[in-house]
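**Student:** Each chain, written out:
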Amino acid sequence: MERPRYTVTATPHIRASDSIERTMYYVLIALAPAAVMGVVFFGLRALAVIGISIASAVIFEALYQKLTRKPVTVKDGSAVITGLLLAMTLPPALPLWMPVIGSFAAIVLVKQLFGGLGHNFLNPALAGRAILMAAYASPMTVAFYTPNVWGSVDAVTSATPLLLMESGVFTPSAPDFLASFAGNIGGSIGETAAFALLAGGLFLLVKKVITWHIPVSFIASAGVLAFLLNPGGVSGGIALYHILAGGLLLGAFFMATDYPTSPVTPVGKVIFGAGCGVITMVIRLYGGYPEGVAYAILLMNLAVPLIDRYTRPRVLGIKKRGA
Amino acid sequence: MKRGVHPPENKETALTPIRYFFPRNGAEMVYPMQQHIGTPCEPIVAIGDSVEVGQKIGDSDAFLSSPVHTTVSGTVVDIRTVITPTGRKSNAVVVVNDGKYRDHPTCNKAVDYKTLSRGEILSYIRECGIVGMGGAGFPTHVKLNPPPDKNIDTVIVNAAECEPYLTNDHRVILEEPKQVMLGLEILLHLFPDAEGIIAVEDNKRDAIELLKKMIYSPKVRVMPMKTRYPQGSEKQLIQTCLKREVPGGGYPMDVGCIVQNVDTVIALHRAFYRGRPLMRKIMTIAGGAVLNPGNYKVRFGMSYRDIIEAIGGLKRDPHKIVIGGPMMGISHYTFDIPVTKTSSAFLLFTEKESKIPPERDCFRCGKCVDYCPTGLMPLELNKFARADHIGRFKEYNGMDCIECGCCSYICPAKRHLTQSISTIRREQLAARK
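These protein sequence lines are chains A and B, in that order.
Residue numbers 1 to 323, in the working numbering, belong to the letters of the first sequence in order.
Residue numbers 1001 to 1433, in the working numbering, belong to the letters of the second sequence in order.
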């Protein structure tokens, strides 16, 4: 006799409608305004860097998974995000073959070789950028444009405000704040438009893709250090400019919050964010580089397993935190 | 309570009154001897015996046990091993219903608890076969008899009903609020120094208002709670109501509490005021495959197959049968299971409702940590469980898991977190015994 077959599973029998894809698409939506502003200020060249970076990231992921006979997962959107994030950290005038090298490093070396989505211990986009920085230091530090709405072909290369501040030849004045808030300053493609990054970050917070812990502790600790340690004496203005200019907002909302490479516990997230902020400012103020966000996050990435281990939430009914 | 989740409620069945039906004449009524936590009963009737409604047919000398009664009159035709709603095997007495519903002489004798000693009250509760109706089935007379060094200052009536779909507690409050109050009075008689709290989630506004109107004593209050799963879990409930934490591995009595499900309280009322042993269950029957979803008063012993027939059949063949709520209920492969004291809801899901997407790799979003009501790290426990790292599993407090299912529910990668954790946890609990 044919008996009807019923599905038998362990509990629970319902699941939230959330998914990896949805999370990734929310991140893409959140990144879009800043990326668009990058194209607005740095022109088609920026668009080309973004396009090549995303395309090569997706192709490398698919190729690697094909060759290693794994299911091809490029549809989950994570490779697109890695490509886009990488492009957003690159100078717009970079030779167009360089993002391909960066994407290869990010996707193949950092992400797939360690097991793919969720298994990498470094932020792939930032690791890709760091490798480019080490290999091609000169274009990576000078290939910046002066922003020029709908940038023309003969765009002028210029130094970033952070570089000028580092060399002590520039102190921001009132119009500079407005410019950096709008994104009308020199810098990497996706890092200049503070308002767009803040809007995207807010969107992620509202959609509960990220929590406040990492961005707030990152920005706050960097701001406080910039305020206290400014070589020209304590200055609120300089502190604010440090937050708005450079990659700090991009890093705080979109890089440091990368799931696989950030802590999962609330306390851990605060420690992680604060650590990122401190290292960023130490590099900016005392190091050889004008910008330290990328290295700060990469260094803190390495501490994540340790941070998680010692910041376990307190278990209900058990007095001691952890153990 | 901290954290927790809020799944779609699907509580439309709260709108219609509880319906009632008799078991079919000639139906086989199956009474498992294990319907509670503790030692199984032994049958005290033999094949061929004629039995009456409310007659005790199984009992045990053990301390942690609770007798079993018939719910129909008829003839004992078999004593055999069956599968219970908890998925375990149990010896069972099988009675064929003669449809006459002759009451046993021990039934229908109201008992004035105020004239009884504490011990007499407890032994009467035991005699009536009352166990926790929240689903676990812990014998009530044992729960109401904490060691003398435990100073009980609060009796909490659990009417949180936090599981989606379930509305049986909600309906029973709306229809029998007086019985809730009188039942609670019995509990407060046993614990004269305690105050009574009736804890209800705030998605049951009408029940809260009704109970507030019925309050008879300054020692009793109704506490509305935020609608959030697993608010009705004992430890979480105590945390919400009293800001006290039951110590790991401990019991509510360790923090001065007794928690009783609202339907258990009504069962106490029925035992003392009407002399009825525990014989019925209010059951939410819902899910896309059910033709007439709603709440039904069901006599123990009926098979789920007979229930489906009695309530008008199915809309379509279900894909999944769940006994209990969708978060913690047990899925079954057959309808041929008897209703017992620990049966709660009965959910018949369509293919769409029972769809669970494939498991993917964890990408460490940390949502399971953000939502775990106990404060665990399910992603880590899952890793340890799968690798059989028992030491690390215990170090990360895996044994304190309440198996509520929040982590699996919320996980965007659809990891089977609860499953892996509860498997190891239960293995370890079994090894401890």
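It is worth saying that the hints were derived from the structure and are not from the lab.
All values derive from a computational prediction rather than experimental measurement.
Among these hints, one or two may not hold up.
Label pairs and their computed distance ranges (CB to CB) [as the list claims (entries may be wrong)]:
1) B:G1391 / A:A199: 24 to 32 Å
2) A:K208 / B:A1431: 38 to 46 Å
3) B:P1358 / A:K208: 21 to 29 Å
4) A:V36 / B:P1017: 54 to 62 Å
5) A:T9 / B:G1313: 20 to 28 Å
6) B:A1387 / A:G287: 39 to 47 Å
7) A:K208 / B:L1314: 55 to 63 Å
Note that CB positions come from ideal geometry on N, CA and C, so glycine has one too.
**Student:** Against each hint, give a clear statement of whether it holds in the structure.
**Tutor:** Now for the hints, and whether the structure bears them out:
1. B:G1391 / A:A199: 24 to 32 Å: violated (47 Å)
2. A:K208 / B:A1431: 38 to 46 Å: Check passed, 39 Å falls within 38 to 46 Å.
3. B:P1358 / A:K208: 21 to 29 Å: holds (23 Å)
4. A:V36 / B:P1017: 54 to 62 Å: holds (58 Å)
5. A:T9 / B:G1313: 20 to 28 Å: Given range 20 to 28 Å: holds, Cβ gap about 25 Å.
6. B:A1387 / A:G287: 39 to 47 Å: Given a distance of about 41 Å, which is inside 39 to 47 Å, the answer is holds.
7. A:K208 / B:L1314: 55 to 63 Å: Roughly 38 Å apart at Cβ, these two residues miss the hinted range, so it is violated.
Checked against the numbered hints listed earlier, the structure breaks hints 1 and 7; every other hint is satisfied.
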